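Just so you know, the sequences run in chain order A, B and C. The numbering of the first sequence is full-length UniProt numbering, which starts it at 1 and goes up by one. The numbering of the second sequence is full-length UniProt numbering, which starts it at 1 and goes up by one. The numbering of the third sequence is full-length UniProt numbering, which starts it at 1 and goes up by one.
Please note that the accuracy of each hint is not assured.
Said to hold, decoys possible - Subject to a maximum C-alpha distance of 25 Å in a straight line, what follows is the list of computed BS3-like cross-link-like pairs (lysine-lysine):
(1) C/Lys185 <-> C/Lys264
(2) C/Lys74 <-> C/Lys380
(3) C/Lys239 <-> C/Lys146
(4) C/Lys131 <-> C/Lys380
(5) A/Lys142 <-> B/Lys317
(6) B/Lys36 <-> A/Lys140
(7) C/Lys397 <-> C/Lys380
(8) C/Lys264 <-> C/Lys74
(9) C/Lys195 <-> C/Lys185
(10) C/Lys146 <-> C/Lys335
(11) B/Lys317 <-> A/Lys140
(12) B/Lys36 <-> A/Lys142
Said to hold, decoys possible - Derived coverage of chain C by chain B (criterion: at least 3 residues anywhere in the stretch with Cβ under 8 Å from a Cβ of chain B; other residues may be distant):
(13) 50–60
(14) 270–279
(15) 332–339
(16) 443–449
Said to hold, decoys possible - Sample of chain C residues lacking proximity to chain B, with all beta carbon distances greater than 10 Å (derived):
(17) Thr186
(18) Thr192
(19) Ser317
(20) Thr420
Keep in mind the hints are simulated off the structure, nothing from the lab. Since we're looking at a predicted model, the values are computed, not measured. Backbone N, C-alpha and C fix where the C-beta goes; we use that ideal spot for every residue, glycine too.
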Amino acid sequence: MSVTPTPIEVATDEKTARRLRRGEELEEQPTKAGRVKKRLTSRGATVVALIIAIVWTIPTFGLFVSSFRPAEEIQSNGWWTIFQNPGFTFDNYSEVLFSASQSSPQLGAYFVNSLAIAIPATVFPLVIACMAAYAFAWIKFKGSNALFILVFALQIIPIQMALLPLLQMFTAVLRPIQAGLHDAIPMIPEQNYLPVWVAHTIFALPLAIFLLHNFIAEIPGEVIEAARVDGATHSQIFFRIVLPLALPAIASFAIFQFLWVWNDLLVALIFSGGTQDVAPLTQRLAELSGTRGQDWQRLTAAAFVSLVVPLIVFFSLQRYFVRGLLAGSTKG
Amino acid sequence: MTSADLIGKILQVVGGLAIFAAVIGLLLFFLDRAPKRGRDYWQLAGFLLPTAVLIIAGLIYPAFRTSLLAFQNNSGEWTLDNFVWMFTQPSTLVTLGNTVIWVILVPLLATSIGLAYAYFIDKARGEKIYKALVFMPMAISFVGAGIIWRFVYDYRGEGREQIGLLNQIVVWFGGAPVQWLQSSPINTFLLIVVMIWIQTGFAMVILSAAIKAVPVEQLEAAQLDGTNGWQRFRNVVLPGIRGSLVVVVTTISIATLKVFDIVRTMTGGNFNTSVVANEMYTQAFRAGEQGRGAALALILFLLVMPIVIYNVRTMRKQREIR
Amino acid sequence: MSPKRYRRALLPLAAAGIVGLALTGCTGDIAAGDKENTDCSAYDAYGTFEGSPEVSIGGTIQDAEADRLVESWKDFQTCTGITVNYQGTKEFESQISVLAEAGNAPDLGIIPQPGLFNRLVDGGFLKPATKEVEANVDEFWSEDWKGYGTGSDGTFYAAPLMASIKGYVWYSPTEFKDKGYEIPKTLDELNTLTKKIADEGDHKPWCVGLGSGDATGWPGTDWIEDYVLRQAGPDTYDKWVKHEIPFNDPAIVEAFDSVGEIIKNPDYVNGGLGDVASVISTEFGDAGLPILDGTCSLHHQASFYEGFWPEGTKVSSDGDVYAFLLPGTEASDDKVVTGGGEFVGAFKESKEIDAVRAYLSSDTWANNRVKLGGVISANKGLDASVASSELLQDSVKLLQDENTTFRFDGSDLMPGAVGTDSFWKGIVAWVGGQDTKTTVDFIENSWPSS
Chain A
1 MSVTPTPIEV
11 ATDEKTARRL
21 RRGEELEEQP
31 TKAGRVKKRL
41 TSRGATVVAL
51 IIAIVWTIPT
61 FGLFVSSFRP
71 AEEIQSNGWW
81 TIFQNPGFTF
91 DNYSEVLFSA
101 SQSSPQLGAY
111 FVNSLAIAIP
121 ATVFPLVIAC
131 MAAYAFAWIK
141 FKGSNALFIL
151 VFALQIIPIQ
161 MALLPLLQMF
171 TAVLRPIQAG
181 LHDAIPMIPE
191 QNYLPVWVAH
201 TIFALPLAIF
211 LLHNFIAEIP
221 GEVIEAARVD
231 GATHSQIFFR
241 IVLPLALPAI
251 ASFAIFQFLW
261 VWNDLLVALI
271 FSGGTQDVAP
281 LTQRLAELSG
291 TRGQDWQRLT
301 AAAFVSLVVP
311 LIVFFSLQRY
321 FVRGLLAGST
331 KG
Chain B
1 MTSADLIGKI
11 LQVVGGLAIF
21 AAVIGLLLFF
31 LDRAPKRGRD
41 YWQLAGFLLP
51 TAVLIIAGLI
61 YPAFRTSLLA
71 FQNNSGEWTL
81 DNFVWMFTQP
91 STLVTLGNTV
101 IWVILVPLLA
111 TSIGLAYAYF
121 IDKARGEKIY
131 KALVFMPMAI
141 SFVGAGIIWR
151 FVYDYRGEGR
161 EQIGLLNQIV
171 VWFGGAPVQW
181 LQSSPINTFL
191 LIVVMIWIQT
201 GFAMVILSAA
211 IKAVPVEQLE
221 AAQLDGTNGW
231 QRFRNVVLPG
241 IRGSLVVVVT
251 TISIATLKVF
261 DIVRTMTGGN
271 FNTSVVANEM
281 YTQAFRAGEQ
291 GRGAALALIL
301 FLLVMPIVIY
311 NVRTMRKQRE
321 IR
Chain C
1 MSPKRYRRAL
11 LPLAAAGIVG
21 LALTGCTGDI
31 AAGDKENTDC
41 SAYDAYGTFE
51 GSPEVSIGGT
61 IQDAEADRLV
71 ESWKDFQTCT
81 GITVNYQGTK
91 EFESQISVLA
101 EAGNAPDLGI
111 IPQPGLFNRL
121 VDGGFLKPAT
131 KEVEANVDEF
141 WSEDWKGYGT
151 GSDGTFYAAP
161 LMASIKGYVW
171 YSPTEFKDKG
181 YEIPKTLDEL
191 NTLTKKIADE
201 GDHKPWCVGL
211 GSGDATGWPG
221 TDWIEDYVLR
231 QAGPDTYDKW
241 VKHEIPFNDP
251 AIVEAFDSVG
261 EIIKNPDYVN
271 GGLGDVASVI
281 STEFGDAGLP
291 ILDGTCSLHH
301 QASFYEGFWP
311 EGTKVSSDGD
321 VYAFLLPGTE
331 ASDDKVVTGG
341 GEFVGAFKES
351 KEIDAVRAYL
361 SSDTWANNRV
371 KLGGVISANK
381 GLDASVASSE
391 LLQDSVKLLQ
401 DENTTFRFDG
411 SDLMPGAVGT
421 DSFWKGIVAW
431 VGGQDTKTTV
441 DFIENSWPSS
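Please model the complete structure; the sequences and the hints are all you need to start from.
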């Protein structure tokens, strides 16, 4: 195997592709391996899988149906009676999306915020964690084990415990930067995304390092050694070999991190300040049910709007799961 | 929102990403040009620097500071009152018990169901669709999940039309509707169901990838030995994905211990459903009793210890083998 | 990364971006008010500001009420040049002390409970009231109200904003007329009436609902507070909320027992909703509705419940529903009420913030806001006739009456650990069957030591 980046990448790609292709062929013309597989997944197994799939989907399906029903119907009878109590409306959607008063959701601005928070808050921790994971896996140093275990153990710190001191630090350190930015470029509001990005990055690091390390450590040692012999520096190895090879793991983790950030409420509540300038969708959703929680049916449509992006991301990056976050670390 | 706002937001994201790329790029650039002597150490430091700064400032120091709060009262005097309060509360035992039930059931069931599902649909027709269906709850925020499950657990008095699916099913079978979320102890299990519903997708996706990585040759060999499907699963697949299993169980356990949103939105911790994380949030934020919150956080910390210790031991073994 | 793969990874982001743009395209720029068409004479005192300064306000008020709140300072903004940004969130109460401690709080906070206010004062986060604010409060509010905005250090910090009266009993005037029921003048008469309705047998007299998400139980605390104030008197009430008598004091136990005779009594609850267990599970917002279909006669809830009746319900003393004040032990103490309200605290100081504070504490604001409907204020400069309904007009008169004994909602005055946690939980467990002694002991035990 050569150490230059492109061939390796092609190799991975081909391998994946081949495996995928093989997987599909198996269904049609049973090869030997296919027969093995066939007997593993019996008819009973298919039925069980089908049941699980249905049970898992029904609650969401109920929400989906409800989101098209008028509020009075939602309050007075079950969504499964939609045929007995017909009533179909886009009102819930148009109300949450397009109405402009303070009391209506105006989800547009929050939607943009969610994206603007989630994308950098996925990229930052991934890059930083990759670097750390690489250092733990491939740069030999004393105390490497102990440090790595410490980082892993940090996962257990409940976010709630770290919120207040972190916020105080942000006020002291990030606040002036934000104000300066605002003065320099007035278009950027003083309340901006910076604190939310940094907070998400910090909270994501322990798990990201732990998971990515498992994968990066499984890269064949010969590949890295060969590059070292050729005189490549660590940064070159990192960019040309480790990152491309770890791409499936990175992509898988990116999906999870994106979902977690997208669905986060707690960090947003504390660090976003709650204005339209920064606050994400979840924060708006949590407010929608009304001051006294009486309008919860409005959430049906809003909850679905917030579901769209995560599903797009999942569907389009799903194939990276085939190689998976941990496919390399199966030796256990 | 005006167009100027929108441009400002896009500018922030693009600018943020660009500055980040520049910082990381510069860091690595200079590392490559570090003095020859001790270059390895420079590079090591460089690779770990961003992590170290963020983690020390954002996790270690805050956690340390918060821990101290557990031993102080509101006016800052040193005291053990917070712990005394905690253990004289009649509800504390219930809360602790619930937390233990959560942390046992959620990882166990979410992982088993996820594993079974991943195995059953492996290479089946429409695998992608199957996966997406079970993965979907992962893509739903807790706020959304609260609404979704409301349509399942809702209760209306007997004789009135039910809007909760579960009660409707009970009624269809001739039973009387039950106030699910008010009836202890079943309510705790019903809340756990929600968490399992969310976490199964995580387990399924990762384990599915792990199953696919089990060499086909090993399966074939096992088949030639005349083993049946279950035996092959136990003797070939399971050992092959052990590492992934440990990671999945660990991650879900930790997530479970931290979860408070489900309890908070669905029962508010009433009716004997509270868990430690929810109590911590309530005390620290709503009641303004930082010390009590911190004391509860310490308990949470102790509860996670066994999981961490177990993982540390397996990790040690792995790293020794390498 | 090969270009092809790169493009594939971009695809989802691009798709998401397009959806986002499509959504934002639909919200417009909000037109600013026109100074020339606005009568600015009432706002001269606040001056005019150059460079369009902004003042941020945070609070728990949301939805339609937030719309009206924003509307109430529209002219003020136009005339003074100050932009007021209001942000309402349900989490305000749990987040504000964190934000304040970190120096990240909004300029002004609309604080809905004195307990939280005291915590913020003790933390040193609030700025004392300005001269203008204090002058306004001295002129327009009673000593009681000023007292609630004064910190433990004796400094006056926050002017009251809006108010609500809690101890109302909703009923159907039509039903009362048809069946010849009289509005009770004493608690004994109320009990007699309750028994009478129950004995007639076609429905249970009371409908009660304590459900309110993670705040489930608070409507029950209102019951207890009303009874403590009426049975044990204002002095005991004050001692109780300040913890000068323990929570398990006999006076409190008596109130619990009296309330329990109604809301834990299977013969008296839960009209149109089910059995006693349904008291806990029914959302408080839905709990009074059975009055409309005649399956319930009495419902205890604050004046704001007016907004919960379905559209088309006639709320008046001769309409579908109306409310009488929960009576006292004697017919003579008919003006003893519990209530709630908000206070405007300042986390920062500047000329424009001071101007907004002064405006919010003025009679001009009170009239502006109350005119828009749905709420009242205890501001004495408020013209009762501008209130949007008969009930609210009555409430305003009651609040402005010198003879009224007003006490703030007790759970709002207690420390958060009790007032927003153990008191609620205790009530829920108590209605669920736990005995009174265990309940009050549990709450007493949770009272913070300092």
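Hint-by-hint comparison with the structure:
The suggested pairing of C/Lys185 with C/Lys264 holds, with an alpha-carbon distance near 23 Å, which does not exceed 25 Å. Of the pairs offered as hints, the one joining C/Lys74 and C/Lys380 holds, with about 23 Å between alpha carbons and a cut-off of 25 Å not exceeded. Distance check on the hinted pair: C/Lys239 and C/Lys146 sit about 19 Å apart at the alpha-carbon level, within 25 Å; holds. Between C/Lys131 and C/Lys380 the CA atoms are separated by roughly 19 Å; this keeps the pair inside 25 Å, and the hint holds.
For the proposed pair A/Lys142 and B/Lys317, the alpha carbon gap of about 17 Å is at most 25 Å, so the pair holds. Under the criterion of a C-alpha separation no larger than 25 Å, the hint pairing B/Lys36 with A/Lys140 is consistent with the structure, at around 17 Å. Distance restraint check for C/Lys397 and C/Lys380: the Cα-Cα separation of roughly 9 Å lies within the 25 Å cut-off, and the hinted pair is therefore satisfied. For the hint linking C/Lys264 to C/Lys74, the alpha-carbon distance of about 48 Å lies beyond 25 Å, and the restraint is violated.
The hinted pair formed by C/Lys195 and C/Lys185 meets the criterion: a straight-line CA distance of about 15 Å does not exceed 25 Å. With a CA separation close to 20 Å, the supplied pair C/Lys146 and C/Lys335 stays within the 25 Å bound. Distance hint between B/Lys317 and A/Lys140 is fulfilled; the C-alpha atoms sit about 17 Å from each other, no more than 25 Å. The straight-line distance between the Cα atoms of B/Lys36 and A/Lys142 is roughly 20 Å, inside the 25 Å bound, and the hint therefore holds.
With a threshold of 8 Å between beta carbons, the proposed coverage of the segment 50–60 of chain C by chain B is violated, since 0 of its residues qualify and at least three are required. Against chain B, the segment 270–279 of chain C contributes 4 residues with a C-beta closer than 8 Å to a partner C-beta. That satisfies the three-residue criterion, and the hint holds. As drawn, the segment 332–339 of chain C meets chain B at 0 residues by the rule of a beta-carbon pair under 8 Å; below three, the given contact is violated. Only residues whose beta carbon comes within less than 8 Å of a beta carbon in chain B count, and the segment 443–449 of chain C has 4; three or more means the coverage holds.
With a least CB separation of 33 Å from chain B, C/Thr186 remains clear of the 10 Å interface cut-off, as annotated. Non-interface status of C/Thr192 relative to chain B is upheld: no Cβ of that chain comes within 10 Å, the nearest being about 28 Å off. A cut-off of 10 Å between C-beta atoms confirms that C/Ser317 is not in contact with chain B; the least separation is 31 Å. The non-interface label for C/Thr420 is inconsistent with chain B: the shortest C-beta to C-beta separation is roughly 5 Å, within 10 Å.
The structure fails to meet hints 8, 13, 15, 20 from the earlier list, while all remaining hints are met.
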